[in-house]
Each structure stands twice: as structure tokens, then as C-alpha cells.
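4 protein chains.
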Amino acid sequence: MEKEEILKKVISGKIKIYQIENFTETTEEAVEIRRAAIEKIRNISLNHIGKYSLNSENLFGKNIENMIGVVEVPMGIVGPLKVNGNYANGNFYVPMATSEGALVASTNRGASVITASGGAITTIFKNGMSRAPVLRLKSSRDYYKVSEFIVSNFDEIKKESEKNSRFRKLQKIVPYLVGRNLFLRFVYDTGDSMGMNGVTIGTDAAIKVIEDKFPEIKCVSLSGNLCTDKKSSAINLIEGRGKSITAEIMIPDKIIKDKLKTDADTLIDVNYRKNFIGSAQAGSYGFNAHFANIVAAIFLATGQDIAQVVEGSQGFTTVEKDENGVYFAVTLPSLEVATVGGGTRIETQKEALDILGISGGSKFSGDNAKALSEICASAVLAGEISLIGALAARHLTKAHMEYGR
Amino acid sequence: MEKEEILKKVISGKIKIYQIENFTETTEEAVEIRRAAIEKIRNISLNHIGKYSLNSENLFGKNIENMIGVVEVPMGIVGPLKVNGNYANGNFYVPMATSEGALVASTNRGASVITASGGAITTIFKNGMSRAPVLRLKSSRDYYKVSEFIVSNFDEIKKESEKNSRFRKLQKIVPYLVGRNLFLRFVYDTGDSMGMNGVTIGTDAAIKVIEDKFPEIKCVSLSGNLCTDKKSSAINLIEGRGKSITAEIMIPDKIIKDKLKTDADTLIDVNYRKNFIGSAQAGSYGFNAHFANIVAAIFLATGQDIAQVVEGSQGFTTVEKDENGVYFAVTLPSLEVATVGGGTRIETQKEALDILGISGGSKFSGDNAKALSEICASAVLAGEISLIGALAARHLTKAHMEYGR
Amino acid sequence: MEKEEILKKVISGKIKIYQIENFTETTEEAVEIRRAAIEKIRNISLNHIGKYSLNSENLFGKNIENMIGVVEVPMGIVGPLKVNGNYANGNFYVPMATSEGALVASTNRGASVITASGGAITTIFKNGMSRAPVLRLKSSRDYYKVSEFIVSNFDEIKKESEKNSRFRKLQKIVPYLVGRNLFLRFVYDTGDSMGMNGVTIGTDAAIKVIEDKFPEIKCVSLSGNLCTDKKSSAINLIEGRGKSITAEIMIPDKIIKDKLKTDADTLIDVNYRKNFIGSAQAGSYGFNAHFANIVAAIFLATGQDIAQVVEGSQGFTTVEKDENGVYFAVTLPSLEVATVGGGTRIETQKEALDILGISGGSKFSGDNAKALSEICASAVLAGEISLIGALAARHLTKAHMEYGR
Amino acid sequence: MEKEEILKKVISGKIKIYQIENFTETTEEAVEIRRAAIEKIRNISLNHIGKYSLNSENLFGKNIENMIGVVEVPMGIVGPLKVNGNYANGNFYVPMATSEGALVASTNRGASVITASGGAITTIFKNGMSRAPVLRLKSSRDYYKVSEFIVSNFDEIKKESEKNSRFRKLQKIVPYLVGRNLFLRFVYDTGDSMGMNGVTIGTDAAIKVIEDKFPEIKCVSLSGNLCTDKKSSAINLIEGRGKSITAEIMIPDKIIKDKLKTDADTLIDVNYRKNFIGSAQAGSYGFNAHFANIVAAIFLATGQDIAQVVEGSQGFTTVEKDENGVYFAVTLPSLEVATVGGGTRIETQKEALDILGISGGSKFSGDNAKALSEICASAVLAGEISLIGALAARHLTKAHMEYGR
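Residue numbers (the working numbering), protein chains in the order written: chain Y, 1 to 405; chain P, 1 to 405; chain U, 1 to 405; chain F, 1 to 405.
Bound conformation, chain Y alone (with noise of 0.2 Å):
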């Protein structure tokens, strides 16, 4: 069909806005007639979203459907950042890809602190990414024999959940009991990627040992939101999801009042009344300033799901009392990261991995995520401190205001 056809088809509506696939013989072709069709029914013009650098060939079905072309967002730079990791180490510049005015500013700030004050310490204290399906026994007292069958048979179980992936490696399956609902929280290391495809596709072959053996007990949902992926959640508070990492500075009494423009004291109490007393009152998991803007213009500028942006955002910054200046911490339980699969791939996010120096697989399967994680907590550890640092000056509006945002 000639294109001029196929797109009076797709206005006319005999053709679906899912199918154009079907008639051309590139994708490209493809994402040309469906913006052409959107800017004719709406009588508008796509001339920016339809200007890319992309190659849409690769995208199609692996990134994203019914392309009409693309969102683009500006890229700053942060840095140098010090980061003194197990897995990252050395003088980092950050892409953060944002449209919030001073938020790149304002985390610069925060790493020339952290810089100057010899860098931030980092420690990857769990990881594992998890998926749990909910099962609906006949009674809660199958509870024994399922969980006993599952410890007695964990190497079966792991064999199927692990089969082709070279990376995907079973470390436990944690049951929970609620009336006669049974959720399994599956725990796998993913290597570099963050891992959800392939523990649910995992976790899928993994079930059905369970199900082959107990006709009588019925998987309802792959996912029964223990695991707990999108959402807030304290079991991801408490027990982790991806990477649970901290990264922590001690920033010397100078430092503060030379790039703070505050002084110890005034941090230690704005982060114990706002980030503690004020979270407490709110009912809240995030227990800091804003880690979320800081992970979401990372996540959005390497490729990461920005969905995952939520748990995220979980987590808790300290400040304390140190000879001679503070403590300045923060530790996000909750952190998943990918230097393989997914958004990683794509020409502009694959580039941004570039400059961090950690885009593709690593040698160890694991590093270059690890080190993504290591990186990503200590550019979090400079937007907290810069705005503490802001709020103890109150200095939160004047940014505001000079930045237009």
C-alpha cells in the first residue's frame, strides 16, 4: 500500500493506530504516517517530537508501540563528584536529564561539597530484585506442606527460575500468610540488569513446580504486590529492593560555612525536625529532601525506568553531630538500576552511561550496576545537602526566584 493510503486509512479509522506496523516496511515509515495521522485529526503540527536522533528500528516492540516519535529532555552535568566506591571510584561527571530549573545547579553545589570534602563513602549493604505471585491455597493450613515442599525442593525450583539466563541467580523465596493467601517473595541477583523481565519470567516456571505438584492450589496473580515494584511500600523500606545502599560524607565546619553559607547545628535541626519529625507527622517512607529528584533525572537520563523512581525515592538522610563538622548520610533501601536491557540501550541513554563510564555488561556481571547505584546514592547525598544546606539558609526561595522556576 502506498503510504498516502495507508494514512487515510488510519483517519478514516479502517486501519488502527496499532497496526500501521502491519502495512510498511519500516518501522520509521511507520512512525512518519502515525505522526502524520495525529497532526491531520488534530489539525497540529509534531514537527519537534518528530526530529530524533534514534534509530526506531530498534525500538519498536522492544522500547515502545504506536510511535508517533520523541520526548526530548535537556541533559546538564554535575560534577566532579568524588565517589569513594567499592565498585565506583574516582572523579564522576553525572547526567541528569530534568526540566526542573536549579535542580542541576543546586546538586552541583552538592557535589563540590562532597568533593571537597574528600569525597562520598559508599556501602551496598543488600541486593536483590524480587517478584512476588499470590497463591490461593485450600486452606492456610496448606501452608506447611507448600513451604515445607519449597525448602526441601529449592534447588529444583531455583534450576527452573534460573533457566536461560546466564545472570539471574535464585537467593530465596520468603513466604508471607494471609488468610489462605500465600505470596512467595522470589529474591534474585540480576547482574547488571535491573532484572523485573526476567524474574517474573523466572518466577513464572518457577510457580509452576509448585502448581504441577499441588493441582489443588492456584497462582492468581504472578504479582500479588509483595514484591513491591511501582509502589511505596514498607516491606521495600525494610527489607530492600535492587540495590539498598549508603553514601555518606563527613563535611568539615569550613566547608559548611565557606559552600552552606550555615553552619553544623542549623543542618543537624532542620534535617531532624523537617526530614524526621515532619515525615513522621506526614505518614511517609521518605524520610529525606528529595531524593526523588535526583533519582528520576539520573533514571530519565541513563535509561533506567522512571517508574521505579517511587521506591526510589524511599529512604532517609541523617545528619549528626561530628568532631568538627557533620555527618551528612543518606541510604536508600530501594534502588534499582541497570547498565543492560531496557531504556538502557537507547542512543542518548547508552551515551550518558558512556560518560560515567559504565554503559553495557560488566566483566563480573553486577559491577557496572553496583557501580551505577554507587554513583547515583552520592549524587543524591549532594542534592540532600545542598538543600538542607538551602532551607538552614533559607536561601530555598531566592534559588527559586533567581532560576525562574
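Wrong hints could be hidden among the right ones.
[Said to hold, decoys possible] Stretches of chain U that chain Y covers, calculated by requiring three or more beta carbons in the stretch to come under 8 Å of a beta carbon on chain Y: (1) 28-39; (2) 231-243; (3) 283-291.
Note that these hints are calculated values from the structure, not bench results.
Even glycine gets a Cβ: it sits at the ideal position worked out from N, Cα and C.
Following the hints, put chains P, U and F in place on chain Y, whose structure we already have.
Structure of chains P, U and F alone, referenced to chain Y:
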């Protein structure tokens, strides 16, 4: 200075990366130099990041600092999605930007269920943007005099808080006390803007009235985390922030069978065990399947603040037996959206809003933002219908594998 | 029927244990027979349960059914505890009933710190008992008409809700919407009574006004759990229930050293790490050490509803540096207390209230209950000071061992 | 000293109220003097408080200090309640102490539904009492060495923690990190005792092993609130504390109709809208109607720690369609009960346990406490059935009014 010379000085550190704009005539030049510097320092190429359609002159200081280029995220389209809103009415094509394969296709399937069932009905039941400073009182007893002062002088405080803005309207100030910490939650109507910066400026001015009256009382932080911005919180789940909205649909049995390949009872069962029991056991504020995915993709496409996906993911999916089918609804208590300000003025984002017919300010300030919230909630409803349907029909992993996620 | 004959029939099951009162002239006789029946059936002796000072005739149907006797719990006294309240003013001896060794002694130590430091200052900042029915609407859109009806007809609804009570005053009705479920949180002033039953009766009457107007709308449950009664909840933590109250004290360094054997910095540090960081990580609504212990012991002694210890345990302990010592405060947002009704009229409980000088109704209805909340909060403050002090001085286990708990 | 002389000195303040035992030969005498002093000071009579059946000599220092007498709470009986447990098996008469009219009658109604339906089936799925100290590390990096030390030296730590106890068995130590705060959650089997004091002593000893090894690391507080004791918490909801138990029953339609005057669909609907949607919107950890009422009344009757009603009120009620009726279940993840120690040895409380046939230690340590948890959960199930039934049949207020609550 010559471009080459500036570049050298940036590389050698004599010019900081945030100072480049001081030495160039145009922002564009500064962006180029900064990108070139990173390329040299890291010995990489940033070809794709460097190619963009946006005019960087409009972005500097308003949306980004330290710019090196853009990230491109593929944009797809969902529709036609029929919305029977009070502000958005008709068939919409909804732009979604994402790198998560299958998301647009899946949401599109849900949209077709909605449209076939007569269109989503939406109800905005609250509307207010909040900012909550924390004040340190001398004694908790001061609560009486401050809260009385606020009641007696509400008009004056309101006037101060609305200065220099045609749109910002203070609705109320709600006090919360913890020890001698007084949190004042200011709630505003902010028209078509999301309002975060405006309410910060307005609240700063309002607080000064209180500080002038009571010099012994100190505003510790302009944000005391009871706002609550970009952090999960019970206070937003309960009291709302931005738009509080429900979108609902009655889906006839025939459509459930034809389009979702399942039945009413299974849909209800999956929703009950996953979204209620599972989320309850997880300690989650997201009693839903994946609000965050759809909210994130629309926010990204239309220039919203993507860190606010955190609150946007809070809320409830209810699926209930109805005559000849199911009643399916989503409730989003804290959906913060705008059609003016922030990222909405960037070229590709503005075009995405044009697709919806609601870019920029509306005749009656606020109507466009309300329309956007209705479309957004309806798309979230589509996303929930499709995913709950897929889980019910157990083809989640199959979908994942087909689309290669 | 003769006593012996009734007893036989109870044992044989011909008379059910809840029917005995139908066959006896006095309650006392029924209690005896029931106890004798249990003794026979189980072949045990219930000598102690059977000896009591209460007049069972007053209890049947008001406080207990199927009575067999009483449980006795040892009552101790804490004091003098100086309270500088708006309703309770002076030195109090506070009755506490408990079987937890060391609890009274520990609270007494805290009381002596408070009294030596000049007395606790209390601030009641909210006062309202709530009941929240859930209504099923036809569509979420009905929200508009119902909420408008409530606003327009508030006076009539209020009148209905206050019928047959001199004391119950409806303050407000706050609507919450989830899907097509409308929760209406009715908040009342209930004078000196705790008010749970009164507000249930009042709300039932009020709901009928709404149901009469909208026959298509159904009240599914008179309590929709947004009240929230006897369950932990963020809504009570944030919006309060019963009395919301703070008690505070400035403790000079000398008293910290002499009485608590520790210092200001250590108290602050323990409170920060345990009551804020620890409770935050635990996902707790109790940002305190052991509110529940003191609340439970006073509730039990004075005839309160001990299941409401659940809400009473919610709240915050804040310890902050102050000139020459620490500022120490407790905030209890949902403390439900009464001096009339329920268990307060039982003989031993009434006497316990007499010790405080506030049994029965007050001249200005509500003053006695408010005074009780002030004394209770001050005793909670004492309990927190003592336990945080013990942890700071690391003699918790020592205290436990000495007292043989 | 003569009694009269001591009394005078107590009244004048020369002898403190907690010192009286130092001047008398018997505890009884001290109790009398103390009570007399309060009567004089307050000019009241404490006749009822002063009449009791307990032997005060056994109580002093173990269960109470500063004793003046007792509080009496009426005790009723519920039964026969059929329990099909792994530890409690048969028809039970369950003692409940309360002053809330209608509670015993209502629970009794539920018990008759359960017994008529064949008896409650119970499943204990976790069992462990926890204590979680908080340690301050020098740096979050110390996490590695401390957690490795714990793994490598678990046997030695376990041995220390179990010293001087035949029953306390350390199961595991789970680490949590926030900044440089390390929380170690020690979980123990504590046999028939509730175990709070034992695990405090054991954990104190265990921590010393860690402190000896790492002198630079400081135990800030033996309880870091991740235990979590007597405060609502997600960690207990998710990971459990004490007994984690489910009690369930299939109720045939006929019994629903005859005894509860409603039907299956209405029961399910009330439970869904109130206990799930309502509690979700409230931000509650109690997805139930009134666990706390039944738990409190049994705890009070049988000498449990009533402040632990806080955790006992956490949990889920699930009501689901089943062939010919409903599946009705309660899940209590954190039910802490004992048959030895604490208040269980007091005369009336011991008799209450005798009614259940489980006072004191069991042959296989732990069996009695487990049996108590099974009975308790079954009674909670009875309470939920009755109240959900009453709400479904809309006679809640009627019941209240009849019983004059």
C-alpha cells in the same frame, strides 16, 4: 575568549563546568563547549545527546543548568480513549513517553476496552497544592496564640501569599503540632500551573507575617515535609494534593470476554488478592497494579515533574461486581499536573499537550490542568484494566516475552 | 427453678451459659451458677475470680455479659506528679494498674524528674470523637450531590445526630472518596464521655437523613474504618481522635545528672536513634519508647476502654537541646478518655478517678475528661523520661533483673 | 516504727510513697499505709480498691510497686468455642475481662457460629520474640565487618544470649542499616513465656560480645524500636512477632442466615469496603473490624501484657465466597502470649488460664503458649464474625442501645 581556549580551560578545570555560560555569547555555544569537554575528558562521543530539536536559549536557568544536550525518549500514542469528564470530553489520543516495551500496547488495549464500554467517567473531588513550613515554638503552648492569630488574620496572610500572582489562591492553612514543632500546611488553588514554586514563594511571604508578629518563633524550614512533595505519604493519600480524582467504567461481560479473555469474577479476585491483600501486607500506599507506569509515561511526554510520579502512584483500584459486568475504578488522591510552566513549555512537550488540545493556560484558569488530570486518570484506568486483565488471563510473561522486554 | 437444677441444666447444655440470668432473680445468683458450672465442667476452682467487691447487679448488660467474677490487677500509685494544665493543675497521685514489674517504679522516677523541674505543661490542641460510615454510591459522580447536600443541610443533619444527648455536639463531616465508596468522617465533641457509643447512635441517625434523600445510595457499614477505632492508623496520627495533646518539660542538666545518671546529649542521641530512626525504619506510628505501657496502666485503673491503647500508643517523643538542659515532650494525637460512662462507673475504677479528683461529669461538660487527658499525657511524659534515661544510662536490663520481671 | 507514725510521715512527705516497704514488715502493711495516706491526702475512701483476694506479698517488685490495692474488671465467659488447633483441640470456655457492654455477648454469638460450623482451624506460621538494639558505627562501611562477624561467630553469640535460661533459643539476627546506625533484630523462641524480659537480658549479653570485639562501636540503646514492642509497626505486620497465626472457618449459608441474619454476599461486601478499602484509605495496619477488643479482653483475663494489644490489633480479616457459604479468616501476625511469667501467675489470672487448661509451663515448653494463641485467634475470629455480621444486618446501634453501652 575563543571557543578553543574556553574548552581548554574547562578541561583543565580553570573554568568550572557551571561557569561556561559566563564566557560565551550564546547558551548554544556553552552547551557545545561543555559537551566537547566531557567528550575529551572521557574520550567518548556524545553524538546523539548533541543532536536536538530544542532551542537551548529558552532552557538555560529555567529548565536546566550545565546543559550538554538532551535525552530522547520514544513517544507512543494511545487511543482513541473516550473520556467523559467535566473538563475533558471526547476521544483522545494520549502521548506516552517510555522505554518500557509493551506498556503503550497494553494501555492501548485498556483504552479500547474503555472506549468500547462508553468512555471513562471522571470525578475531581479535591484540588489544592500544598506547602507546609515547620516553625519552632518556644513552647507547645504557643500553639494557641499562633493558631488564633492565623484565624483572625487569615485575610492579610492570604493577601501576602497571593502577591505577584494572578492565579494563586490560598484556600486554607491547617496546623499540626508535634512537641513544639508547628507545621502549617498551606493549601492553594494554582490554576493551570502545578504550582510548587508559586506556593513556595507565597508561603514564604505568608510566614513572614507570622514571624513579624512573633519574633520569638522561628521558621526552621520552608518545607517541613507535611506538604508532602515527591515522597510517599499518608497525608497525601488521605487529604490529597494537586488533583484528587476518580475515573470509572462499567465493563460489560461481553467486552471482558472478547477483549480481555477472562471474566468478571477473575478480575475481581485478582484485584482483591493483589491490590488489596497484597498491598496491605506490603504496607503500601499503592493499592493498585501499576499507576506509576502510566503516570510516568504521560508526565514525561507532557513536561510534568517526573519526580511527582511518587505521589501519582498512590491510590486505589477497585473492581466490583455489577449487573452484567464489572465496575472498575481508579482513585488518584495526589495527581499534580500542569499545562503551563516547568517542562510544559519545552517544544516536544508542548506538542504533546497540543495532541490533547490543552497546551498553555485556559480561558478559565485551571480548566486545562483539570482536563489533563481527567485524561491522565482515564489512561491510568486503561492501564489497570489491561494489566489486571492480563494477570487474570495469565499472559503477563507471555506479553513480556513477545515484546522482548 | 432451684439453683441446683439450673446448674445441672447449664452443665448439660440445656440452658446456655448466656441464658442463666433468665432463670434467676438476681444477677449475683446467675454469676455464681455460671462460675460453679465452669468449675464443675473443668474440675477446677475459681475461688479468687469469685471473690470481689463489685456489685454485679450494676454490671450486667452495661459492662459485661456471661459474668463469672472478676480479674484483679494490682494498682500502684505514681506521684506526686506536678501538672500545669489548663484543666488539671497541681500535684497528682496517679493510679496505674499493671502486672509489669518496674513499670510503676520507673514512671515514678520520671514523675519526680518532672515535679522537680517545675511540672509538666500540657496543650490540648484538638478534641473530637469520630465515626465514619461507608456509603456505596451508584457512581463516583454522586460525590458532588451528596457532599453538596451535606454542606447545605448541615444544620438538620447536626440536629438529628445530637438527638437524645445533652453533650454530643457534631463539629464537622469530612468526606473521603475511593472509587464509588464515600466515607463520611463525623467528628463530635462528646463532653466527659469517651463517646464511641454516642457517636455511633448519632451517626446512625444522621446517615438516615442522607439515605432518605438518596434512596439509591446505600450505607454499607456504620463504621468504614476511617474512624479509626482500636486500630493503628495514619488518619488518627495526622487528624487526631479523642484528645490531641502535648505534654512538655524543660529538664535542667543538674536534674538529668542527679536523677537520671546521664546527660543531655545522651538523652537526645538515644531518642533520635531509637524513637525517630528506629521507628522510621520499622514503619511505625509510634515514634516513642513505650507510651502504650503508661496509657494501658492508667486506662485499666480508671475504667477506660483498654482496646483504645492501640491509638493511645501512637505519637511522638521529642528531646531537644535547650539552654542548660533538655526540652522533653510527648505528643499523643489520639488519646480517648472519659470520666463518665463505660468502665468509669465501676467501683474500683471510680475510686481511682477519685484519687485524681475527677470522677463523673464536670460542671462544664468535658473539663474532667480534658483534665484526665492532661494527667495521662504528663504520666506518659514521666514514663518516657524514665525509660529513655535508663537506656541512656544502660541500666534497662539491670532494672529488669532487679525487679524480677 | 508504728503504723500510725509511718502514715504521718508519708502524708508529710518525709517518707516517700515508694519507700514505705522499707519501714514495714509485710508488703500488706505497706499497701494499707499507702492507701490510707492517699485517702487522707485526698480525703476520699478507697474501700473497693482496698478489698482484694490477691496475696500482695507475691506481687511486690515482680508485678507492681507502690501498691495501694487492685482494680477489679468483670470477667465473662464465651463458649463453647470449638478449636481445631495443633495445640488446642476441643471445646473451650474463653474468659474475657472487659467493661465494654455487649462485647462478651457478641463474641459468644460468633463462637456459636464457629462451633456450629465445625470449629476454627488454626495455623501458626511463625513464632519468635524479638529485641533489636541500635549500634552506632563509625562509618556505614563497618556494616561489612560487623555483619560478617555475626555470621562467623553466631554460635558463640547464641550461647551468650541463652545463658541462664533453659527456654530461650536464639533463632536469627537480622541486620538493618540506616546511615551509620546498625539495627540488629534478634529473634528467639521463648517457650511458654512471652519472653520480652528474657530476650532483653539475652540480647544485652550478646551485644557485649560484639562490643568487646569492636570497641569503637557503641550500643546506643538496647531497644532500637525495630523490635517493635508495644507500638504499631509494618515490620511486625510483615515479619511477625510472637505468634503469627491464622484462624479460619467455612460458614454455610444456612448458619449465616439463621445466626447472623444476613447472607454471604453482604458479609463479603462489608468486609471488603470496611476492612480493606476503609483501612487502606485510613493508612491503618488493622485491616479488621475489632481484633483489639477481643485480644484486650483475653489478655486482661489471662494476665498477658495489655500494652501488647497494640501489636495484637494488627492483622487481616478476609471473607471470601466459598461453595455454599463463606470462607472467613483472621490473620494475626504479632500475637504475643504466655502461660508463665508476668501477670499469668497472679491468682485470678492463673484461674482464668485454668479455665482453658493451660496455666503454667507445658511438658514441651511452648505448647501451652501456642495453644493460648490458637484459642485467642479463634476468639478473635468469633468477634469478627459477629461484628461484621451485625454491621451487615445493620443492628450495631441497636445492640449498643439494648446493652446500654
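Problem set entry | Hint check against the structure, violated hint numbers in rising order | Checked against the structure, the only hint that fails is number 1, while the rest are satisfied.
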